[in-house]
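Combine the two chains into a complex, taking the hints into account.
Residues per chain, in single letters:
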Amino acid sequence: MATRYLILEDGTAYQGKAFGSRATTTGKIIVNSNMLGYQEIITNPIYHDQIIVFTQPSIGNIGINHKSYESISTSIKGVVTHEYSDISTNRLSKLSLDDFLKQRNIPGISGIDTRELAHHLRKHGAMKASLVDVADQHAFDQLNATVLTNQQVSQVATPKPYPNPGTGLNIIVIDFGLKHGILKQLSERHCDTIVLPWNVDSKNILDLDPDGIILSTGPGSPYDLPKSVLKMIQNVQKRVPLFAMGLGHELFALANHASLYQLKIDYHNSSHPIKEIITNHVLYASQNQEYSVDNQSIQNSNLIVTYRDLVNRTIQGLRHRDYPAFSVQFSPDGGPGPTDSVDLYDEFLENISSNMNKRSSRNDEF
Amino acid sequence: MNFKFHKVLIIGGGPSSIGHENELDAATFQTILTFQKFNIETVLLDNNPFTLTMDLLPDQDIFINEINYSNVLKLIKKVHPDAILPTLGGLHAIRLCKELIHQNILKNQGIKLLGASQLAIFMINNPIKMGRIIKNIHENIVPSTIVSSRENAVYIARKIGLPVIIKPVSKHHSPYRQNCKNFNQLDHALDNFFKHSSSHQCIVEKSIVGYKELETIGIRDESGTKILISGLENIDAVGIHSGDSIIITPFQTITDPEYQKIRNATFKIMDALRVIGFCHVQFALDPTTKRFFVTKITPSFSRSITLAAKATNYPIAAVCSQLILGRTLEHVSLPSKYSHLIPIMEPTLDHVVIKMPLWPFDNVPKASHHLNTVMKSVGSTIGIGRTIEEAMLKALRSSQFSPRDVLPSMQNLSDDNMINQLIHPRQNRILVLIEALRRGYSPAELAELTKIDQFYFYKLRNLLVVENEIINHPLRSSTVKAAHNSGFGDGMLAETWNVPIEKIFDLGQKCHSIPTYKAIESTAGEVLNTSSSYYSSYEKENESHRFKSDSALVIGRGGNQLGPNTAADYYTAQTLIQLHHSGYQTIIMNNNPNSISLCPKISNKQYIEPIQLGNILDIIYLEQPKIIFIPGNRHYLVRELSKRHFKIAIIPPDQETGVLRDSKASFGIDFFVTANHCHPISTVQFNLKQPQQLKLIFKYMAPLKMSSRVIKNLTSQAINEIKSSSEWHGLVQALFIHNQNGNHLIGVRPLKITETVFLNRVTGINWIHELIKYYTHQLDRNKLIHLLEHQEQKHLEMVAKFPFRQLKVRTKNGLDSQIVGAKIEPKQ
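Listed in order, the protein sequences are those of chains A and B.
Numbered per the UniProt record's numbering, the first sequence spans residues 1 to 366.
Numbered per the UniProt record's numbering, the second sequence spans residues 1 to 828.
Wrong hints could be hidden among the right ones.
Keeping only pairs whose Cα atoms sit at most 25 Å apart, straight-line, the calculated DMTMM-like set for lysine to aspartate or glutamate is [claimed, not checked]:
hint	chain 1	residue 1	chain 2	residue 2
1	B	K7	B	E541
2	B	K290	A	E188
3	B	K481	A	D133
4	B	K695	B	D654
5	A	K94	B	E258
6	B	K540	A	D133
7	B	K548	A	E116
8	B	K261	A	E188
9	B	K510	A	E116
10	B	K510	A	D113
11	B	K510	A	D133
12	B	K337	B	E41
13	A	K160	A	D209
14	B	K481	A	D113
15	A	K67	B	E258
16	A	K264	B	E346
17	A	K184	B	E258
18	B	K135	A	D346
19	A	K94	B	D816
20	B	K481	A	D86
21	B	K540	A	D113
22	B	K296	B	D362
23	B	K643	B	E495
24	A	K67	B	D286
25	B	K268	A	E188
26	A	K17	B	E541
27	B	K540	A	E116
These are calculated hints, taken from the structure and not from any lab test.
In isolation and in its complexed conformation, chain B is listed as follows (with noise of 0.2 Å):
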């Protein structure tokens, strides 16, 4: 094929944040890898240090540095891309393109824009582009009007008819609104908004609170050819953001000709933004007159897309890698992997997926609690089923982190605090719902207290019908069938009744009620070897098995919580990739849609389950792993594997297993610490004017500017004490602290998940390869050395980022388990 451009500049998603993951890296190392076989150079401009992006790249196409309009301008001027890609960075990027527009820097450069076409990208963020698009294709959009006077704002407000939104007019883009019901609310807002706006100006919209959200995502090519790749619709009614919103997919409660219209619009919204690639649309659906409007476009990748791809397991960012090249839909031709896969198809399901999101309410107390437009989750987990139910449990499951695999009881809750919370939905409305209709609740007055379809109370209902049979008859073959049809896992069954979770597989075995694994695929079994992924039901048909050669299974972390998580999928995603270099075939068993480790490209095989003994029982039992890889952070399920006799490594390491004589240190001393020998890797500062509360670290620079001397007198003992213990393998942190009478060796510790990817870039060394070399007997001591002398250290600086901003907080310092994200930047 010939190409236009060989060169592209692609602007990275920069740290993770509240509404971005690990999904831009996801799809960004996808597109990488498909100009790499069509022989088209990437430059990247990131400075996310967890992205398997910056691993793909050589040094010279990576330019680590902050996502700026300048930085953007000097990379352009230094590298001359012919190509620019922003539709992979988010919104920032999308923002930073217009302005390059604006400038008209891509045509006196002669840089052809990728992915979104110029109109689209002056659409985004400016509702009265959007609306004159939509009005021209004939489609709907929520009546509003910018005014900027008091007077204006109520006539317009009385003309719409109450309730009405108003929201600050201003030139990025702002969270802040308000739903007023009447006129007094609408005075007090308007107060407060003209003061936001820089021109002075609000606008008054038609509230659409209570109406049904639905989401689309479609892809189109070059030649107009268009496929809807998901329908997502959103439990929660307009008025909780939909990144807060438990969301479903397929649709499931509206009839056909609603869904070939919102279809139809989508197409007609890509045809006149001439999208290539990808497009996210949003509409709220009246549900009294049936009137759809089209609330928002976004065609840049976004958790939405992410979604589609993970529950149609349609490799969304491969096949619009090579749209933006310039192919049809027709001739796309795919990885291996997907063979079997014709892309031209329009994906159609046979299971459900529920996406739960995940809030960071324990570790950000102070946060508002209560759900509404702004969002607030920081990261989700899905779970799929054949039945809605299934999915539901399972995605609830899988949402709570529950070592034993129970819910949290609701039975405390007052009556008035109920419904106070049916009203005004916080993070655990779900097991809220279910039990208010434990309490007796129609689904008919739920549907109008919380504007949620009655269709999902009819569902979760039937949850309590199975719930009321677990606890009335206990230790039952059907009971076990009944639960596993449902969702229920083993672990909660054999809670509920005190005994082993072996005697539930035993029951479970006795009624033929077995796990069964299906592919999650986008053909509804139509066209069979399309995918590698698998979700479990309890029915006829396995179509999973286990593989002819030795395998590891990977335990994944489940969805994204505050704390070092995006590095943590990161550093799960490197487990895999060397696992396989290593010999293995590769399982990997997670729940985060964002996550990049679940990425099929990464691993043989995916499982999508509740990270529960039970469901890990499941898996080692059909697939025997040789040897399975849990994070040290789950100490009961490290106990029970253990108990059970299963070959087993705890990576990442727990953090507690450190060994440390004081809370407060200075700076750190990294190591490889193998059976024999203890290798120096380098060094990392944290804070040399005075030393740094562990818990409040948030910046890291390395190497550290300290004579070579004294270096290694500290690293002589620090090797006296590793040496001490037979505890220490792998990749450990010396820690010091530094004051007027010296530097003091102050403890060892296993080194952070967030500073071994540090390390990494830094040292130009994959550690976390290292390790699994390690682990697997395949290190080469001498290679490691010859690695280690011949290293070019970088100097670095990474700063840890933390969400307080985005959730309204004031707080000055963060701690450890409150971060977001990261950024690095080189330091002299």
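Next comes chain A alone, as it looks inside the complex (with noise of 0.2 Å):
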């Protein structure tokens, strides 16, 4: 196997084996710490253009399944892990993590010290990397002068409307960089869904006539998307409930005037204590994590907190004052991580079928 580098933004270099693609990429290096799901992290878009680092010791072992694609388009620049295993577990084709990689164009390096790689970058703080074949000044400098891009959500969310139909409520799902657990839950509900893309305007959804709205998760900052998208939310989540995750959730805050800070460093886990303050019931969940929401910014906005993790003490869930409307961080649906939270999505068809019998009562009054 092939002698490869992984480099960092800060000057340091790890040497490994190449698999996957020989292809030399840049991007951002997050440190993911599930155990299991490494296909399902590696589809997910919220990782679009960056290099994954895995803590688990192996990944690999039980090959690429059908069940366990967030998406089907891959657009992560990197994975890095101790050891992969060649296996493949399909019925009808060998397909191995290996051959994925390589089909999606996608390096991998393997052989690498995870456990100081993690512990490096929680010290040093979020940072851009590349995988190169020589880590020489060159290499160093290509990275420095490298602008990743902020356009991470036109690059991954659908640009054309689509439906998933069912037979039960009309939900339309706004799409950051949607990944497939989302339609997966709202199919498992019977809802008709309508995907439509990240910059629709409010008059487009309102028009489709929907029962409920769900913001999903996505990549990149909320700070870099347009101001109209904040205006979006502010029309239909007075109209009808809304919904939202990861960057939804963002999104959401900042549509009602509360702030966001980012974090020292990402959290790709599932192993925090996440508290429902109403009921004091703790759950786990997948959390995906760059920004935060400013806990004195929610002072002065019309929103509630609802979840808090307690670990670092951040807001994981919100919920409108006046609108019946929520948020939370984390993703509710696994993917990989456990679903103690999957009931959110059973809560949100409550919260619709409420909200019609008040609307049709209220048209009875006239």
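Dropping the structure here:
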């Protein structure tokens, strides 16, 4: 196996062995500490343009399987691991993690002390990294000169609307970098879903007469999206029950005049306890977080904090004081990670039903 | 904190046996420490002499007696506890508690049940109750039906389809079961088992042989918060008892959604049983349909829970003892050792742990060597690494006890024999599997034959590639690096290449293949400084640093085997405790997950590593200990370490150094021997009626009933013999034979490990502590004399326990080397 290097913006170089594609790539490096679910992680659009470090000792152990895609097109910039296994368990064709990464032109590097790397990144903060053949000055110059895109959402979200038909409630999902888990949960609840591009305006949404709206998870910073998105949210939350997750949650907070701050280091794991404040119930969920809602800013907003991380005390959930709209920072549908909070989807649908009753009783009055 | 109870009765685990080593002691030890911190009085009923717990409590709170219903009842009437904790004494304690509930004792006496709910206690060993609970929470159990006639059994078997498992219905847990692949076998099994059942009933159950076996360990607090501590994947499929299976953690070969389903099911079960504390659940996963079944629920402490605690270094016992008191996971406060650990974070690992069972077949050759649904292993070793290969080889190397760190060769196994052993596994099957790969079997073929996931064969094949490199490219730095990365030991390379071990070290240095030590901790590097336990791996970052003050390295005994091992582990733990008192930073090196000596509470630093010369030298190189304690039975290691001029102390000493003129004895006198003095301690009787073969002594009574004049005379005889040689120091025993001609001194030997512990119990003096003081030059002779003069000897009897019944072997006399545990009781 050929020697390859992982180089970091701060000048650190790691020697390892190549797998997957041999492309030279650059992206933001992040650490994911989940113990299972490498395929879900690699295919999740929130990792668009990023290099993922896995702390789990070995990935690829169960090959690539059709049920574990969070998106079919993959756009990460690299995989860093201590070890990978070249195993295929597909019924119809041989497809190992190595094959898969080659097909998608994604480079991988193995033989890295990922525990040390995780410690290093935690100490020195988020940074850029490259996977290269030679770790010379030129490579570092290239890395330092590379400006990472801030247009992640427009690069991964669907440009065109599409339906995900069902027999139940009419749900509109605004795609900021949608993962399949969200659609899967709606399908299980028979929802008649339409997925719309992230830059759709509120008129177009309301014209479709939705029963409820979901703001999806997605990559990047909420501050990189145009103000029109916040306007859209402000308009629709008054009219239709709304449920937002991840990037959607951050946008929901901004639309309601809260502010955000960037964490020193991104957090990608599912081991933190998250407390539901009203019930004191503690749950665990997949957290993929670069920003957090600022505690102070909540006081001047119309928002109530509903969930909080008990380890770093960050806000994990919000609810609007006046409208049937709520949001969570984490992914309730797992992929990978616990499904302790999956009933938030049911809560959303119940919100819709009670809102409909209210509406119909209001109509009766007229 | 205010508690609703102030005095807790703990039912102990009793003598160790197959399936139970020192893990219950370790858990009880931690629990009592917590209770003491909150000023809760603990009363203990136990008769296992080899427990640290007995040293923790004042005499008046320990009741040394057979653990049975009438003794529990007597104790309750005597001490009036207001709570009872049955989950630290294995299934036996649970059964006794069930009886107490049945007889309304708990209710009438106002005794609160801790740890397990009444529902959970009634469910254990009651498949019907368990089935009902599982069905209520919409999870699957293996379809099974109770039948009372042959016709009915055949009808059911046809309905659920062959193969089926037949088990007799019995009040107590029965290990008997048979897998029937055809109706002939079914007939035969029914014949057998209707007889075994008191109610003439059998259970017909769908066979899940060949399914993937998975285990989870969860904990839950009073408020219903739950975390999953660990998932244990049995590499062996269902059909081999989980205690005899090679186990890996974290899960390796299931998908995340499968994992989440198993996690959710565990939580639902804990909620349904209202568990407060720990719970162990076992699952069988059908590899084709991906359906899983709940096969067993154990809400009491077990070796699986210990394994989870060792693998994650999450202090399960310390946390759960606070949950029992009503604290929530959010508010548990841990001992300073864990101060940075956040108990409510769900563990996530960045290392792999593999458990390798150890079997007693060398010591009990008559036992059936086939591994099946009846557990036969007496101990286990764990290997920890950054890869599966590394963890696997380290576990294997630890399990072999090979002095030169080489694995037995399977080269001479005939093809037929090999295939036979692939289908009917025996103790060295992992080596047989590697041999099969060496002979060209493909992972797919082997997966089909053994029902082991093909993933593991790919991993074993990687080891073969490295093995070939070792053979074909000797003495190269690159080879050393590849070998290190896969877990091969320096000793193994030195032996293969026929060079001194230092040469391998030099080659490693040249290519920067130097061992680094990684913390065993449960946050995958997120939270720093939560752990004092380490494992080695050849990586970039080293996290273990030399102590600033003097340290002592204690080399443990490794995995438990028959013989004095549970006592030896107690001995090691006491060694560490005293060394700490004596001012040393203590370092333990061991690999037995069930050992109490590895309990982080007892030492300053723990290394979970193979006990092999290469690994020991690596640790010495890093830690530069002032003194090294090594067990006397590791002759090769003692020799090699002495050769390198390290300061070593050999304890416990090797029995073979005894000088005896007869192979029989009737009684002995124990001494504490220092450079200039010889202090008699106590007498101990084996058998006065008839001299006993030394190897067959299984019963000890102390002190001896003999006139003090006679004893005085014998003592001075013994002192003369002891003083005649400079060999004797520390704890020494003079042996005597009693016959019609009177009493005759037959020689002197080091005091045996088991007898040392017994002596502690008889005299109330901790002789291991005195011994360590002696070795570290801190023994105060006047204090020792004071102790001896003021001792109040108890009249006790210790009887060794043998595993013959569990192994289904008929043997009248057990040898020293076949002892699995012991019990003590007071004698007047």
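Tested hints:
no.	hint	result
1	B:K7 / B:E541	48 Å, violated
2	B:K290 / A:E188	19 Å, holds
3	B:K481 / A:D133	22 Å, holds
4	B:K695 / B:D654	15 Å, holds
5	A:K94 / B:E258	22 Å, holds
6	B:K540 / A:D133	20 Å, holds
7	B:K548 / A:E116	24 Å, holds
8	B:K261 / A:E188	16 Å, holds
9	B:K510 / A:E116	22 Å, holds
10	B:K510 / A:D113	19 Å, holds
11	B:K510 / A:D133	24 Å, holds
12	B:K337 / B:E41	24 Å, holds
13	A:K160 / A:D209	18 Å, holds
14	B:K481 / A:D113	15 Å, holds
15	A:K67 / B:E258	11 Å, holds
16	A:K264 / B:E346	22 Å, holds
17	A:K184 / B:E258	16 Å, holds
18	B:K135 / A:D346	24 Å, holds
19	A:K94 / B:D816	56 Å, violated
20	B:K481 / A:D86	22 Å, holds
21	B:K540 / A:D113	6 Å, holds
22	B:K296 / B:D362	31 Å, violated
23	B:K643 / B:E495	18 Å, holds
24	A:K67 / B:D286	18 Å, holds
25	B:K268 / A:E188	21 Å, holds
26	A:K17 / B:E541	18 Å, holds
27	B:K540 / A:E116	7 Å, holds
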